[in-house]
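Top line first, the protein sequences correspond to chains V and F.
Per the working numbering, residue 2 is the first one in the first sequence, and the count goes up by one each step.
Per the working numbering, residue 16 is the first one in the second sequence, and the count goes up by one each step.
Quick caveat, the hints were computed from the structure, so don't treat them as lab data.
One or more hints might be untrue.
What the hints assert, rightly or not - Subject to a maximum C-alpha distance of 20 Å in a straight line, what follows is the list of computed SDA-like cross-link-like pairs (lysine to any residue):
| # | chain 1 | residue 1 | chain 2 | residue 2 |
| --- | --- | --- | --- | --- |
| 1 | V | Lys234 | F | Ala999 |
| 2 | F | Lys130 | F | Glu100 |
| 3 | F | Lys72 | F | Asp55 |
| 4 | V | Lys458 | F | Tyr365 |
| 5 | F | Lys854 | V | Ala255 |
| 6 | F | Lys796 | V | Phe463 |
| 7 | V | Lys148 | F | Ser117 |
| 8 | V | Lys234 | F | Gly993 |
| 9 | V | Lys98 | F | Ile326 |
| 10 | V | Lys148 | F | Lys329 |
| 11 | F | Lys69 | V | Asp455 |
| 12 | F | Lys105 | V | Gln436 |
| 13 | V | Lys86 | V | Asp352 |
| 14 | F | Lys980 | V | Gln240 |
| 15 | F | Lys119 | V | Ala426 |
| 16 | V | Lys148 | F | Pro115 |
| 17 | F | Lys72 | V | Asp455 |
Claimed, not checked - Have a look at the derived ranges for each label pair, beta carbon to beta carbon:
| # | chain 1 | residue 1 | chain 2 | residue 2 | range |
| --- | --- | --- | --- | --- | --- |
| 18 | F | Lys159 | V | Asp380 | 54 to 64 Å |
| 19 | F | Glu900 | V | Ser483 | 40 to 50 Å |
| 20 | V | Glu127 | F | Gln325 | 29 to 39 Å |
Even glycine gets a Cβ: it sits at the ideal position worked out from N, Cα and C.
This is what each chain is made of:
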Amino acid sequence: MFNYNSAGGLALPHRRRFLQEAGLGFGSVALASLLHGDTAAAAPVDQLAQKPPHFPGKVKSIIWLFMTGGPSQVDTWDYKPELQKRDGQPLAGSDPKTGFFTTSGKCLKSPFKWQQHGQSGSWVPEIFPHLSKHVDKMCFLHSMYLKQNNHAPAAIELMCGTNRPGLPALGSWMVYGLGTQNQNLPAYVVLHDTRPRGDDQIWSSGFLPKSYQALALDARRKEAIDNLARDGKHTDAQQRSQLDLIRQLNQEHADVRPTQADLAARINSYELAYRMQMAAPEALDLTRESKKTHELYGLNTLACSTFARQCLLARRLVERGVRFVQIFAGKGTSTDGSVNDVPWDCHTELDTNHRSCGLHTDQPAAALLADLQNRGLLDSTLVIWGGEFGRTSDSQGAKGRDHNPNGFTIWLAGAGVKGGLHYGATDDFGYKATQNKVHVNDLHATLLHLLGLDHTKLTARFNGRDFRLTDVGGEVLKPILS
Amino acid sequence: MKHPLFLGLVVSCLLAPVGRSADNDGKHFFETKIRPVLVDKCYSCHSVKARDAKKLKGQLYLDSAAGIAAGGESGAVLVKGKSKESLLMKALRFDGMEMPPSGKLPETVIDDFAKWIDMGAPDPRTGDAVEKPKREISIDEGKKWWAFQPLRPVPPAYTKTIDQYIHEAQKAKGLTANKPAGREKLIRRVYFDLIGLPPSEEQVAAFVRDPSPTAFEKVVDELLASPGYGERWGRHWLDVARFAESGGYEFDGFRPGAYHYRDWVIRALNADMPYTQFVRMQLAGDVLEPDDIEGAAATGFLVAGPYPGQITAKTVERIRYDQLDDMLMTIGGSMLGLTLGCVRCHEHKYDPIPQQDYYALAAALAKTVHGPRTLDLDPTVTRQALTKHAADHAPLVATLKAFAAKDLPARFDAWRKTELAKQPDTPRWQSLEPVTFVADRAFLKELPTGILAFDGTTSPAQRRQRGQRPVGTDEHYRLTFHTHQKNLTSLRLDTLTEKSLPQRGPGLNPDGGFQLAEVIVTARPLHPQANEAAMVVKLKPVSAAFADEGQPLANAVDGKPGTVWMVRATAKKDNAAIFDFERPILGFANGTELFVELKFREMGLGRLRVSVSTEPAPATWAGDTAPQHVAELRAIAAAHGAKMPSNVLESLARWLAPFDAETATVFHAVRDHAAAAPRPKLVEVYTTINGGQDVFFLRRGEVDAKNGKAEPGIVQVLHRGPPKKLDVATDARVALADWMTDVDYGAGPLLARVIANRIWQHHFGDGLVGTPNDFGVQGEKPTHPELLEHLAAELVRGGWKLKALHKTILLSAAYRQSHEITEANRKLDPDNLYLWHFKPRRLEAETIRDSLLAIGGNLDAKLYGPSVLDNSTRRSVYLRVKRSELIPIMTLFDAPEPTQSIGERVVTTVPTQALALMNSPFVRQQAEKFAARINPTKSVDVDAAIDRGYRAAYGRAPTEGERTKMRTFIDQQRTATGGATPAATHAAIVEFCHVLFCLNEFVYVD
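In isolation and in its complexed conformation, chain F is listed as follows (with noise of 0.2 Å):
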């Protein structure tokens, strides 16, 4: 029943038009084969007669010769001669299009077509082709759109205030002016409208009282300075970001890491960041500031939107062009004010964005992944603990060079006498102590008798991409050893199990194995001497103690980095590897440094130790190990005598320590400060992740229409100057971001209008353009066009700065009028679209629940972190947001779905939202909270109650009649309680608390 709708990307007919056929026997083929069915089975549609009806579907008439060379939307509906390349083959054989729809036609007679087809499909019907609507999109005249020209820049002489701008409209409509707000009334819009929040009755009281003309202003200074903004207006941008905080689908995944691109808007616009950079970040921060958890939470924007937790094979493509369609109306909606969403699958119906640009703005996010990275939460920290941990180990190295110059040679002297002699032999493995050790994916821990254990992650598991191997996601182990002995002949590693390790290890997969890719050693002198050079060792397997069938110990020395020595049916136990080196390592004149690398597949080692035997082929790890401490003695004594250069007495420390208390002393000092150099603190961030294919146009977006691969692009009619690629060799998406941002050639003139209409919106509760998200023809036009090209091109003129531009528009006599309403302006202009008032407005559900909070006195004003659920007195910016659970409260007051961008509020008002001011038990809790606030002494004063009441509450004192009504109701309350007793009455003043939350004036801010 579903009719595929024939749209293709060239509307274009490669057909001659049908000459007359001389062949009658084709005709014939028609008129029995063909004819019949078309009648039956295609005109209801497809047919002058369908279109008479209203019946016509994808613009094809199939009635007439001419109506089947004209194809319809999808284009050529055959190719005369070649049914294998006609489309109308493929939706006879239900091969990407279904025809008929009412169920497919016999073999025999879908045969007959193609025949028909490949005779020349000769066709002796009359009728003309049937003129078709079409549009075709002009770039040029699309240019002429208000919204797509270049920002009019501001003469000098053209110095005009908002007010002037809005006065002008005014008066042109023969409205008036509104007299100033009062000060209760100015201040409690201004903190609600910057911060979120009530002002406290001080705040109220010392505005009220403050008599300088700046008075205002400096109230507004001090708010936008204030990190309240940053949560209040945070939230705003966090809308038009979908935001959210899980995959949403099947099993709605929640991403701990999420919550980082939230404190990064909230940051970033308390830093009053320039808007062009806050774009850029959002959109490439990751590549701009490649190691910086800023950039990578900044692109958190890209990737916020919803992804299925479960894919399947038939389903896994269409959900990437899903992904990047989601980034694209993001982009789109949030920062140009465009729908692209429509024009993945046919050209823009109303704006001029042919398909070609949705699909060269995809192929710029084409390696854009979800996915989470590790990151150090703070890199400044970490750079200074760095540096001071530098700077605190330079004398600790001193004092041991000093040692080594002037203690150690008589120590080692004394020693040598008196002790070498009684040491054990050398025995045939030597456990070898590390020196240096570090990894891509942990920390490694040195334990005594050599033991390297794991210490921890640096960077977690990055989601698989099906087919591909990801980049960056392998363990390498960098480890050095030295020695001075020579002749070494075997090297072995063990792989110890220990129960802290995921099924006891010995590999830190999840299923205690591990896979070793390669193993690399490479010799190079310790103190190089002339003509000493660092070579690579080749390793011969000699044998493993275990290893999985079929992927032995060979695999990890055959060069190749794709076969691996793996142990994982064969983990959960302790293992050793024995290798020979090809020819023994003769060791250098003044000591050797072994390198030791470890490539694994995935994750590395829990516990490994690294020995190295002398024995010639010693071929089995049977025997004693022992320290290599002894062997490093013996080698130096004899190579050295007792005059040593001082490099090796250096070294000479490390080998002495186990025997000399002294020289312990002061190594380990060197030793034990460098272990415990700082780490970064890291954090999971959900951001951008490597990956990705290359994007192929998609005929009416299906992915099993593939016409060609798309090349990086931008949308042609923001464009000025030559036609423009995005230059891939930096990156595309910086080049998308650069051009974004561009006010002389790129999109920047709409960036600006869309960002400076956005911040008047919610100042005044509309937008001079009423639909933030949509500047295209669907939209509505400016109220005071000039009025935003003013506010825009000061935006770009002032450095994109947010800060300044909300500083013009609240000092403004528009922003500080009064709500109040006056009979001859509302009958001009009943919907107040020239700002003849201030039109009161309900607060937002976020703003509720915090004023409750904050009236109640136990508002936790802790920033950022992760997020909370709402038992938390935290600002309900920080409240979790997982797609399928979102928090009743939030939704009840219209906080909107998080899966598309969404650039204005609906303001509800329905019983449920009473049913949870009058009954639910977080207003009543705040309800007595507030009380035991205004009535701490739970006295009996019930006037003085009353009046702090409305302080708090609604920044004004009550009037007379809302007294004397409030206080019958105390009245009433406490006689059916108790009478005037201090706990009746305390009762009956938490019921009067209650009440002014009811109220439409806790809600409603004039």
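Next up, chain V with everything else stripped away, as it sits in the complex (with noise of 0.2 Å):
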């Protein structure tokens, strides 16, 4: 009568064990992995140890700039000569009811001028003049779409696979799948200003242990890392002679409970908070990075200083092993009618909230490739451009554009894809994606593999379902893989 086979490959240990070792933390004895059916281990499973992906992947860390609110595709990486010559004509097939508001119907163009570039001849607006150089190593996806039309849900489903909340994020999963290459370090961090709309159900861990939740980090209050300081009066010492006791009495009463592994790992953690004190701070110190480095971000040119210092710290993070770093853009200069938590929203000023947004994140993002590279770590390292969807070829009022998850532009750069690629694309408006179109769940397939990880297999299973990032889609883009 029923199907015993389950199609999903699932290979958790036992559930019992899995729940009552779940999330051991750092630095246990044992390596079983959760993910490769070690079944028979008894003894502890560090979740967050190294874990073999499933096969090679040549990426080892991500770093996503969220571009938030959602660019404009018409207006950042997807050229629409056709929507240039018809201003103001009624745009055929249009629907104004896409985003949140009403269209026009009537075709907006780009306010932006436009020049081709590199070996590619990408062709670039003028927001960009420093990500412009880059652009043989980016592989653009022009026709990325999903099904959600306003903010927190789109971001949602573009981080978790599918609409509704409470279910793990891309970050999470990975970490699940490949654990962590620093134990000294949280394996997945998001950098925030003004928290994004949908807050941190975009960084969700869902029904996923929470050694697999994500560090939020607020720029607002200089990333700083709760209760990492030691109390202003204590010394070095006092402390050290606080943990070792700790230590030695946890340990006599761990020994008489020789089947609670979790005893084992909360000795341990003690240990690894200790050197966490020491390891985030010296991370998250952008004064130990040269002038030159800091100028070539742009941390003090005070239209880019936040986003700047966003994507030095995620350099530093990626480098000291950190598996995904996920920098939500926040506002850039506090005049150009952008709102906080959506910075990228043009429902009514296109023009100057795409040019102040480009001022904020160009440089820094331009200079987070360069540093990259030079350090070698970008063959190691996706890069990932791109916001919760993109916006309407028509125009909302005068020169605003509305939300439309019908066809927008990312860009990924680094390890794994193939540079000055332009995969897929939208119409000849740059209203909705015709060819090669690209769901969220196929980009998480590819990301997944890109990291080792075959997306039908990396499930957990919650209330009776074994559970995938990519739902029950997803194909791994091939055509883009290097």
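Quick one: dock chain against chain with the hints and give me the complex.
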């Protein structure tokens, strides 16, 4: 009657053991893999231990520059001469209810000057003078689409694979699949300014153990980490003697409870916490970078200083083995009329809005690509640029664009992808993806593939179902792989 | 790239096998126009070759005529001769699904396919239809699954105890039973277990000293009776109910009335509400107890899920089905241990649950919409207050009657003789003194000179559902006035501004405006005589000072509730309207009661006054206005002379009061007391409100693929007896609740098993069924099936009382056994499936925080009420649960994301937890408070402090070894800060307290 032969590649250890030993934390003794079905292991499972991938992957770390609010594809990376020609004319087949408000149905041309760049001859608008130098590193996906047409649901769909909250985001799946490369730092870091709309639902670990959750660092608090600093009155020696005593007594407690593997992990967790107290401030300390690097990123340039700091932090974190760093771009200058938690959301004044967002992100993002390349990190790091959706090709009001999830561009640069490639396409007006459409599940399947993970085998059971990041879809975009 | 799977409700072929077409033209057309496209664009995913390469999609083969005929997972690919009805054409046209996924084919090619299908889809290709693995759901087979069977009744001879089941299973595995836990361990275990707090030193000492054989039972009884029980076990239920106080998604709007559900759960558990009632109330409390806050609070269960704050036209319908899905999944997971979410899009892959059942349940929830309601927080208190008020009122009325009969005639007579002639003439407009005034949505109060003013809201604006008008949200004022005058000709309504009103009013809508749909005036005899009958007085609109364009005053008396006199653009200033009575009101013999109804759209008026005129067609608001009193006294004098009926005398008091102090005293005593009638204490409750639409079957869960209306129903595999449709004549949710709690025919047996398992799970760390939210085929089977059956049957037999079940379990030897380990047992059963020892467990986030506060000596034990932030010292169950701003110390120690039903929390051990315990200001603060408790005089008696610290934190004395280590540690610490002075010693004791919080023993309970 029933199909016992589950299609999913579920290979979790016995559930009870999974729960009891879940998240033993860093540095436990045995490294039985959750993914690879070592169900016989009686020793503790260290959920964050580095795990072998399903197959060798080219990417070790991902940095996602999340362009919060939804940049317009036809004003960034998807040049449409036809749209430029037909400014003000009716947009055939337009649906005024595509986005959140109502659009005019009339074409709105891009207000920017466009030029071709690089060997690939890629068209770039004037708002990206720095990034335009790196087009030959970028693999453009012009035919992205998703279902949700408002910020939070779309961002949740883009990061978690479906629009329903409560499911783990890409970063959590990554760490779940691969473990951490540096036990002294969190494996999944989110850098944000004003929290983006949708908030931590976008970087949720969902039903996965909290060991896979992101550490979110707020630019407004200069990336301060809670509880990291020792009480001001304490000396290191005092804390050390405290920790030694804790270890001793915890060990005695654990010795007579040999079946409780988590007790051993807990002993370790204090040592790791102690090390993290030192490692994390070091990783986040930008004064250790040269003046030249600061200048490269634009750290001292008011218009882009926040994003510059975040990009430089991302490089430092990736350098230290952090798996996934996601930067949610905040707002640039204060008078451009954009909204803090969705800066690219150009409903009224596309021109000023995108210029300002460009100014805030262009130089740091370009610096990140250059810096990663110079340090050889681009061979193992993938940089992603993109927001939760695109914009309508017709206007909202006179000079704005509404949300448009039916076709937008993101680009990938670095390990494992072909630079200078333009994959997929929207129609002549950039309104809808038409060729080689890429759903978010396909993007995720591809990213996991680059990491050495088979998206159909990376599953976790929750409430009776084996969940995947790619839900029931997803195809690896083979043509973009290098 | 995304392949919509061609899954459908009916996986069957509508086509007869394609016969041989003699049409050579057709074959030619196929060969030239169709086959090349199929080969080029379709075979890569829909062919035998694709299958062999593991690339077959949607179980669809397009590489043979038979394959096309057989269709795919979505059913028939095409209908011969009818291109318009063919799924293939929809796919090619990108209408609902998109094929080929690499991009839409040119229109000419698509047209060719339409033509080909209309020709009868001639197809000369051979090749067999490939047999497809197809899973038919069989309900009858499904009923054989252990969890779906009826409860096995416990025969009288079969009265085993819990321990007999456990021991038999152990014996069979060669395991030996453990010794009992020591009393210090046991009391600590049961305190955390039942109330989530550590026992105090005194409580430990009392239990250890108690020689009685029922000492433990006494502790259990005390704890079960303590309100802490509901706080602790309510939190477990809130996990499965995915309770939160905000909408999640875009703006994560806070739901100020959501906490009532949390309080209801705690109260219900503390009151030991039978579990069936607990379930029924959560499913249909709003219908079962319609006017009681209990009912509304309980159905907070249905609406606790996330819900977008911003809904676009494109997403409204999908979001509605998401909302139903959220309710269904939660009901399934929490109450029935069934995973229903996947059935939205396809038949359950493992459990015998067809899509039909999913949509039947969804239809049962069709009339369930999220929203706030305003209800009386404590109807009993209000009822008592009203009874008392009524009792107090009666003597005042009696005094007035006595006064009217005895004193009033003479006083009126005197006044009439000396004063009446001095009174001014009757003005054009007489303002009426309201006698009664009630409204649906507002409280009104009377101000001097007959003005009625808004005095608080009775019910909040219910959120307007898209495209339909909500029920019961429109204001309706009902006012009565008395008069003894004859020939009333006109009515005037003044609407007045005031600075306290929204935008100064005069309306109560946020823009200061109002929309008056109908004014209805009824004249009825105040003291009816023979042949007198009430009559509705027809009104003619005369004029209004202001009306919005196109929405004139006439709309308020046209008998059409859909049209209004609109004052919105013209709001923010005083306004007045005049109506003529079509025929003058002649007046009844012993007085007339005017019943004036004002029916608004949305909210009513902030300030108003009603006046009448006796002038023929005054048609203007110019001229004097005065209260009606003098005219009434004149009218009464004229009608009755000196000899008046007693009921007229009682009315007379009202009119004479302004002119006679003694009359005023007696009359005002009655009037003022009536005005001070107690009001309910109203609070907002986030619950179910009216609304909702029919539910349709959706192909693949997509809202644009509707497939007929769904009727409310049940999960068939759990049903016994004749097929069941829910009785919608009562209420679909009530009927569902009845069925869910029905042990004989409905889901009762599974309901009992699931909750019995949850109770076991929280006492022992693991359920007898290891997957508490999944009793289906994918879930784990029970480790002790007979024991689970026994517990479930006992629960039912005991009237579904949970506390009795707790007690049975807690008094078992299995619960009271030691945590200690024997090597032999460990080898045989390393996972402790057979409970040969009591497994130590880490405390949950809430319990860790509550313990820190309790041991720090500053836990605020206040029960219930609006949620608080973590700067509060109240128990953690009262911490605010805002979906996008979860409280860090809670999530750090694994409090779940409140988005889906969570049956068991995962326990993680990560360095950030260690950092929090080592460095967080909160923990430090508690360590300081703890030190002040154990060393209140800041003495230097270190040994005493160590002893007290261990007893308070761990419920036991330190061992010699621990005492020595701690003494050394304290010495080191105080040496570092200044030696053996009281201050340095106390500082070192703070460090000692801090260490106690960091040790495993603090967060692990044996």
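Now for the hints, and whether the structure bears them out:
1. As the CA atoms of Lys234(V) and Ala999(F) are separated by approximately 13 Å, the hinted pair is consistent with the 20 Å bound.
2. The suggested pairing of Lys130(F) with Glu100(F) holds, with an alpha-carbon distance near 13 Å, which does not exceed 20 Å.
3. For the hint pairing Lys72(F) with Asp55(F), the CA-to-CA distance comes to about 16 Å; that is within 20 Å, so the pair holds.
4. Distance restraint check for Lys458(V) and Tyr365(F): the Cα-Cα separation of roughly 19 Å lies within the 20 Å cut-off, and the hinted pair is therefore satisfied.
5. Using a Cα cut-off of 20 Å, the hinted pair Lys854(F) and Ala255(V) holds, with the two alpha carbons roughly 13 Å apart.
6. The suggested pairing of Lys796(F) with Phe463(V) holds, with an alpha-carbon distance near 16 Å, which does not exceed 20 Å.
7. Straight-line distance between C-alpha atoms of Lys148(V) and Ser117(F) comes to about 18 Å, which keeps the hinted pair within the 20 Å bound.
8. In summary, the hint linking Lys234(V) to Gly993(F) is supported, as the alpha carbons are separated by about 13 Å, within the 20 Å threshold.
9. A distance of roughly 12 Å separates the Cα atoms of Lys98(V) and Ile326(F); the hinted pair therefore holds under the 20 Å criterion.
10. With a C-alpha separation of about 10 Å, the suggested pair Lys148(V) and Lys329(F) falls inside the 20 Å cut-off, and the hint holds.
11. Pair hint Lys69(F) plus Asp455(V) holds up; C-alpha atoms about 15 Å apart against a cutoff of 20 Å.
12. Annotation: proposed proximity of Lys105(F) to Gln436(V) holds, straight-line Cα distance about 18 Å (limit 20 Å).
13. With a CA separation close to 18 Å, the supplied pair Lys86(V) and Asp352(V) stays within the 20 Å bound.
14. Distance hint between Lys980(F) and Gln240(V) is fulfilled; the C-alpha atoms sit about 16 Å from each other, no more than 20 Å.
15. Restraint check: the Cα-Cα separation between Lys119(F) and Ala426(V) comes to about 12 Å, which is no more than 20 Å; the hinted pair holds.
16. Distance restraint check for Lys148(V) and Pro115(F): the Cα-Cα separation of roughly 19 Å lies within the 20 Å cut-off, and the hinted pair is therefore satisfied.
17. About 18 Å separates the Cα atoms of Lys72(F) and Asp455(V), which keeps this hinted pair within 20 Å; it holds.
18. A hinted range of 54 to 64 Å for the beta carbons of Lys159(F) and Asp380(V) is consistent with their spacing of about 58 Å.
19. The beta-carbon spacing between Glu900(F) and Ser483(V), approximately 42 Å, falls within the hinted interval of 40 to 50 Å.
20. The hinted range of 29 to 39 Å is satisfied by Glu127(V) and Gln325(F), whose Cβ atoms lie roughly 33 Å apart.
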